[in-house]
Amino acid sequence: MVEIQNVNSLGIPKDAFLSHVRRSLGRTEGLAPTPPYHRLAENLAVLEGQATEIRQRLEEKSGEVLDRFADTARLRSWNVFRTTSAEDAVGYVVELARNLSVTQAARSEQPVFARLPLDSALQAEGIECVTVAQDEASARDRVRSGIIESGLGITGADYAVAETGSVVVLPRKGLSRLVSLVPPVHLAMVRTEDLVESLDDVFLLRRLEYYRNGEEMGSYLNFITGPSRTADIEMKLVVGVHGPKEVHLVLLG
Amino acid sequence: MADVKTRDFIAASGAAMEDVNLRRALRQVGGGFNEARLDAIEEVSWEAWEEWREEARRIKIHTLDHLDHYLEMLYEQVTKAGGQVHFARDAEQANAIVSEIAQSRGVKIATKSKSMVSEELDLNRTLEAIGVDVYETDLGEYIIQLAEETPSHLVAPALHKTKEQVSELFHEKLGVPLTDDIEEMARVARETLRSKFLSADLGISGANFLVAETGSLVIITNEGNGRLCTSAPRIHIGITGMEKVIPSLQDLSIFLRLLPRSATGQRLTSYVSMVTGPRRSEDEDGPEEFHLVLVDNGRSRLLADPDLREALYCIRCGACLNICPVYGKIGGHAYGWVYPGPIGAIVSPTLVGLKEAKDLPHASSLCGACREVCPIKINIPRMLLHLRHRLAESPSDTENSSTLTERQAARGYTWLMSNPAALSAAGSVAKLVQKPFSSEGKIDKRVSLPLVSRWTAARDMPTLAGRSFRQIWADELESES
Amino acid sequence: MTQPAEVHTSLFVTCIVDQLYPQVGVSVVNVLRRHGVKLDFPSDQTCCGQPLFNSGYTQLARQLGKRVIDSFSLSDYVVVPSGSCAAMLKVFYRELFSGDPDYGEKAEQLAGKVFEFSEFLVKVLGIEDAGACFPATATYHSSCHLLREMEVRQEPLLLLEKVEGLELRPLPQAETCCGFGGTFSVKYPHISEGMMEDKIANVLATGADTLISCDMSCLMHIGGGMSRQGQPVRVRHIAEILEGQEETGGAGNG
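Chains as they are written, first to last, in my numbering: chain G, 51 to 303; chain W, -19 to 461; chain U, 98 to 351.
Derived by calculation from the structure, the hints in this document are not laboratory data. Do not rely on the hints blindly, as some may be mistaken.
Claimed, not checked - Derived coverage of chain U by chain W (criterion: at least 3 residues anywhere in the stretch with Cβ under 8 Å from a Cβ of chain W; other residues may be distant):
#1 130 to 144
#2 150 to 161
#3 235 to 249
#4 277 to 285
#5 290 to 302
To be verified - Under the rule of at most 27 Å between Cα atoms (straight-line distance), these lysine-lysine pairs were calculated in the BS3-like manner:
#6 G:LYS64 to W:LYS60
#7 G:LYS286 to W:LYS153
#8 G:LYS295 to W:LYS153
#9 W:LYS143 to W:LYS153
#10 W:LYS(-15) to W:LYS335
#11 W:LYS425 to U:LYS284
#12 W:LYS143 to G:LYS286
By construction, the Cβ of each residue, glycine as well, lies at the ideal position given by its N, Cα and C atoms.
This is chain G alone, in the form it adopts within the complex (with noise of 0.2 Å):
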């Protein structure tokens, strides 16, 4: 392990950086803006307020944003497969695992798959499935060279956007990003209950808990929409660049 230097000593103090900012605003002394940003301005009661309100929106009309959120997904290149049924979902994936003729897949430690005998299924069909969740360190690269020979990778979600037809994903036990962009297909299962309307309910569910955690983030908030993508050359689209080439959304309920 290399030792940690404090490399703050090059580049130029913060205060000596902020003062000529301020110099070049005009002012010399640092200045909240007054009114306050608006949003910054609001409490805890405010967000919890708000994050109601969207919970008692989706409970009213979850139909429609499961429905909208289907035709969005669709429109963002994911082939996507409803049910209300645990069994069709897990032959959804055993059935997808069996096309791409795939030895190995990978697969998170997500709630969604608590109740669903994935695992086993794959295996009856002769295919590996590798879980991320390892206590050891030493495991941690193990793991990553089974997520990398996959060829499928297994997540939930965190979030289900029907604005934008993205999944979002967030840091937990169980969890490597790795999972949902190294192996050539991708697929998402996603719950009624992990649905939400827009990129707004997202980000205020998520501030919300940044402020219910002690203003902890975690470390990562990822959207993924659809397959990777490019048209760096000729802009013609090219599917499958860095991250999967086929993306499959199971909505379970």
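Given chain G, put chains W and U in place with the hints provided.
Here is chains W and U on its own, set in the frame of chain G:
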């Protein structure tokens, strides 16, 4: 800092117009990106679009007016999340910070996600000089890195290259067979870079937005390279201009709606990745260290000028390039520095020195299309006029580039136009003078007169009318009223 | 309709019309008078200062701007047969004189009185059918300043659609700049000509025999290019079209 070639604008733009491949590429951009943008706006309605633009502009105005406050907040939050913030006054300091981090931690391989600021700093050259292997991982950036070129567009850096050129480049540099299949080229890049991602010690990214409230860095990509750069290596350095900060997490929605639609007509890019500090102990993956390098490098000059401050509202979507008829003719490289197109014609002169880039503010017909498409409603034509004013009339020698001849011509014109009698007299003289040079109401194209010949090279020029309107009015029309 | 006698409508004819295309000014006068406008022409008017303003000579542009503001201080309306010069008077003067203790207010007053010619017909006089006849197959080029500074998009088309005998064809990429840009056209002729060539190709693609615009400067540029290329397309200011009558229009069925 990246090489500055802004003085060569006239020659470079002329050469660009002769480049057949470039012309073909530019025609695709003009149509493709802009039509997709219009479709994406119509989907949400123009009314909603206008509201979003207003809202985004309000946020940017507020943030830049209190930039010190939000940078302080950002610093505190990044630090609290376990990251380190470094401040760089100029390119040299920014490069030194990154070099120091790389050297002190024994970095051998670095992967990079697209960052215009790193282009501005010429960071790759700095890192290579200390023995770090640097790999650009955005496909377009990877192509131009192999070709040892610079980006020609803010979001499509290799837009100037044809697939044949890319194929030849891959053949020469990577030893793969020639192909005309673009998917195959993308596959080659994926395979070559995959091993680099997984063996890199350092991932470098830019930032599309920085959230002061939470200390988060947000990047927007389509390929997935940004996610890999920021999660696979043990160190992540985010390097970006100080103007990228926005106050609240909730402000992100509006910008995430505006940026992809304006850039490529997408409703959202494939990936939006938000990073807050390094990996926490309970996380399964992620870097052990997170550094944020905030760069001024001339931005405070834009901040200090009330007429130019709004250039810092730019979110680098490239919509103004895609709509600009001048960019559409000459492409990005002719602009001579990192930032091309209408917004580049403001940012580059301010960052490299106005006199050094005196041709850029004039490289516009002031048609206003850029302002019309800008998601932040940045008034680019007004800023170009402001820079022209400084070039023409600034009392400062470091800005004023007008020659004595130009100033005399401008004063002479003003005098003439302030004296209608003199103007009439001049008109009579001009009509006599033009006679031997004209036929059938046109100036003879073979006549070589200063300025006139610049017009008549490709266009006929009408002669002065026998009687001016004011004469006709006095002779005939006035009495009828 | 006839305007009340006490309404003073003044013509700001623009340099290019005054010196190069006086017939356009005559057409403007004829059309406006036919619709009952009592028109005057302040004879000390010269240039609005836009070439100076666009070249960065703000202080000199102010000198000319003050003359224009003074010349038209008594007018109720100022009609300008050019989107570009109208924008100078209406939009850019306000910026040039913003904060000026004397001319700031005067520039604001002028701004409220300035109308581009087609805009004046539609918005002030309430005319969409100017009663004109002009047998031609035409396409319309909108100048950038008319579109984006004056925000006049529909008015010229409303007027042209009502002209008898005129077949109007849509111009592809109608809102793309033709490349004139005033001093831009001589500062960077190569880029300006490249833009012009695209515009000409779009004009030719319509198959029109007449190109109409509200700005003679664009038409001098595009028309000069078409003339040099030997293209059989004539250019006309919208006032020349709206002036057309059956007996003078040449064709017609009566």
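Verification of the supplied hints:
1. 130 to 144: holds (count 10)
2. 150 to 161: Three-residue rule met by the segment 150 to 161 of chain U, so holds; n is 10.
3. 235 to 249: holds (count 5)
4. 277 to 285: Check passed, 9 qualifying residues.
5. 290 to 302: holds (count 5)
6. G:LYS64 to W:LYS60: holds, 15 Å
7. G:LYS286 to W:LYS153: holds, 23 Å
8. G:LYS295 to W:LYS153: Holds, at about 26 Å.
9. W:LYS143 to W:LYS153: Distance ~15 Å between W:LYS143 and W:LYS153 Cα, so the pair holds.
10. W:LYS(-15) to W:LYS335: holds, 12 Å
11. W:LYS425 to U:LYS284: holds, 18 Å
12. W:LYS143 to G:LYS286: holds, 10 Å
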